[in-house]
Amino acid sequence: MKDCYGFIFDKLPLACLLLKPDNGSFIIVDANRAYYKQLNVEAELIGRPVSEVFRENFEDTSVLCESFDRILKTGYADIFPLSHKREAVTPKEGEVLFQVRNIPIHEPESGSIEFIFHILLDRTIELQEEARLMELQQELNQMKDASRYFISENSDGLFSLDMEGKFVTVNRGIAEMAQMDREALLGYPFLPFCAPYHKKRILNHFRGALKGLDESFEADFIDASNELKTLEVTLVPMRLDNQIAGVYGIAKDITDQKRIQFLVEKQREQLEKSEKKFKALVQKGNDLIGILDQDANYLFVSDSSTAVLGICPEEFIGKNAFDFIHPDDLTRVRSKFGQLFESGQVTVRAYRFKDHTGSWRWLETTATNMSDDPAVGGIVVNSKDITQSHVLMERIKEHSHILEEISWEHSHVVRTPLARMKAVVGYFNENNNDLTKDDFIGVLEESLEEIDQAIIKMVEKLEQNER
Amino acid sequence: MKDNSRRIPCLVVDDDRIFLKIHQHLATKCFGGEVTGFLNAREAITFLNEPGNQRRPFLILLDLNMPEMDGWEFLEYLRISKSDTEIRVAIVTSSTSAQDRLRAKKYPFVVDFIIKPMKEKSLQKLSDRLHAQFNGRSRSA
Numbered sequence: 001m002k003d004c005y006g007f008i009f010d011k012l013p014l015a016c017l018l019l020k021p022d023n024g025s026f027i028i029v030d031a032n033r034a035y036y037k038q039l040n041v042e043a044e045l046i047g048r049p050v051s052e053v054f055r056e057n058f059e060d061t062s063v064l065c066e067s068f069d070r071i072l073k074t075g076y077a078d079i080f081p082l083s084h085k086r087e088a089v090t091p092k093e094g095e096v097l098f099q100v101r102n103i104p105i106h107e108p109e110s111g112s113i114e115f116i117f118h119i120l121l122d123r124t125i126e127l128q129e130e131a132r133l134m135e136l137q138q139e140l141n142q143m144k145d146a147s148r149y150f151i152s153e154n155s156d157g158l159f160s161l162d163m164e165g166k167f168v169t170v171n172r173g174i175a176e177m178a179q180m181d182r183e184a185l186l187g188y189p190f191l192p193f194c195a196p197y198h199k200k201r202i203l204n205h206f207r208g209a210l211k212g213l214d215e216s217f218e219a220d221f222i223d224a225s226n227e228l229k230t231l232e233v234t235l236v237p238m239r240l241d242n243q244i245a246g247v248y249g250i251a252k253d254i255t256d257q258k259r260i261q262f263l264v265e266k267q268r269e270q271l272e273k274s275e276k277k278f279k280a281l282v283q284k285g286n287d288l289i290g291i292l293d294q295d296a297n298y299l300f301v302s303d304s305s306t307a308v309l310g311i312c313p314e315e316f317i318g319k320n321a322f323d324f325i326h327p328d329d330l331t332r333v334r335s336k337f338g339q340l341f342e343s344g345q346v347t348v349r350a351y352r353f354k355d356h357t358g359s360w361r362w363l364e365t366t367a368t369n370m371s372d373d374p375a376v377g378g379i380v381v382n383s384k385d386i387t388q389s390h391v392l393m394e395r396i397k398e399h400s401h402i403l404e405e406i407s408w409e410h411s412h413v414v415r416t417p418l419a420r421m422k423a424v425v426g427y428f429n430e431n432n433n434d435l436t437k438d439d440f441i442g443v444l445e446e447s448l449e450e451i452d453q454a455i456i457k458m459v460e461k462l463e464q465n466e467r
Numbered sequence: 001m002k003d004n005s006r007r008i009p010c011l012v013v014d015d016d017r018i019f020l021k022i023h024q025h026l027a028t029k030c031f032g033g034e035v036t037g038f039l040n041a042r043e044a045i046t047f048l049n050e051p052g053n054q055r056r057p058f059l060i061l062l063d064l065n066m067p068e069m070d071g072w073e074f075l076e077y078l079r080i081s082k083s084d085t086e087i088r089v090a091i092v093t094s095s096t097s098a099q100d101r102l103r104a105k106k107y108p109f110v111v112d113f114i115i116k117p118m119k120e121k122s123l124q125k126l127s128d129r130l131h132a133q134f135n136g137r138s139r140s141a
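The listed protein sequences correspond, in order, to chains A and B. Under our numbering, the first residue of the first sequence is numbered 1, with each subsequent residue one higher. Under our numbering, the first residue of the second sequence is numbered 1, with each subsequent residue one higher.
Derived from the structure by calculation, the hints contain no laboratory data. In this text the structure is predicted, and so the values were computed from the model without any measurement. Fair warning: there could be bad hints in the mix.
To be verified - Facing chain A, according to a computed beta carbon distance under 7 Å, are these residues of chain B, among others: (1) I18; (2) S97; (3) A98.
Note that the Cβ used here is the ideal one computed from N, Cα and C, for glycine as well.
Required output: the full structure, derived from the provided sequences and hints.
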């Protein structure tokens, strides 16, 4: 029978020692194969003091020694609960966590401790999981605290409503939005806070949530201080035992956001308007608008260049403006361009500019130096095609010149013989004897001939001009 | 017979012989003094530059539209070369142009702008005006 126990002891999968008390210490009287294997011990253990073996194999032997002390003192088995990780021992080699179980075997007659059955239980996995579990529990507790804080202190309104739409729970955020104390808000219905014009819609959303739908909407509310607020609200059904018992809600104050959105929208509209205006003026207008660098190279040209000159804007980019100007006008235009850097703005009167066919168009240009303006960064040139009016003006000048000539001729050439005739008649009437009848007739003939010739010349000139 | 004090020496410059003759006749009647006629302006300049004539006061009846040297060129000559003399000019022209009248006003020594045919009455008025000027000056001198 004893052999039978010995066999079982040796075959036990748990690392076991049988210890015998010896003058305050314990001597190993038996050690099974599992003990040798699990602690990786090769030397003979039997007959050796256990404290010595422990010291050789464990980092900290205090746990083991204290356990023996307790057994000797109480006479009861010293079994640590599994959760006591700190009561576990770790051998010097390996990552194993053993839990110790010391079971006293009493002498039947004296009742004194005859042996101690020392078992090492490999609890590595359990203890590790236990430790992980504890960590998780701790994390969970922290999260609980955090979420409790998150809910109560959140600036967004977090709340729940009962089936009648009365507040059941409210956080600080919703109390601030309502401009009421949290306590006062509890049991108070949400409906009085709705802006009259949105009341019906909000109610529909609330009813939808009570029917089990998730509802999200924006609406206007009026707080206890009578201030209008726009809130973004989400309502989800609150289910208790598979039945809807109310709604959970999140409300976000988007009043400022809406106001900013409105302003941004307004600004965007204004910008669009001015952009359209700009496009109408610059791109679609009849004026040719360009931006030049300080050397008069084109940086930008408006679309109108195609209509005015038959040259598309892209063809101008990188080219020099002076290359398009008539050689006879170049010095004048260059000189004006030079003045631009002192005066800031110059106007260049009629000058010729080459179009896509190589013909000359008459332009008049105002150039403004906006090189210091980062939005422009160049010289803005605004040119008008004055070809038609210039040609017309030239013709008017020609006509005017001819009229002046005719007027002069009329005044001097035609009036002279007339005046002469009048003078002679006057002189003759004074009975001046030095003028004979022949003289008189001669003067008249001569004068009339002059008038005739003058008229012929005048008609010829006019006809020539008509041609 | 004219009073000697009213005698102002006159030059008549006109390329038209008939006008020259008639204007000389009228000038003699109205100014009573020495009247010399010239068919072109250069001859008149030569006369004015003769030693005895250089500082003398003259009234010149000047036509504008003349060949070789026209009346405007003659006026320019006077402005530049005879500004320190007492030469007065009355333009006598067939031109009715306001521009010519305005242009003539730029010369301070032009005292009248008479449109041909020149009437005795016009010249008489001028004569009276000039005598008043000259006599007033000689009295104050």
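Inset, instruction - Provide an ascending list of the numbers of those earlier hints which the structure does not satisfy. - result: Result: hint 3 breaks, nothing else.
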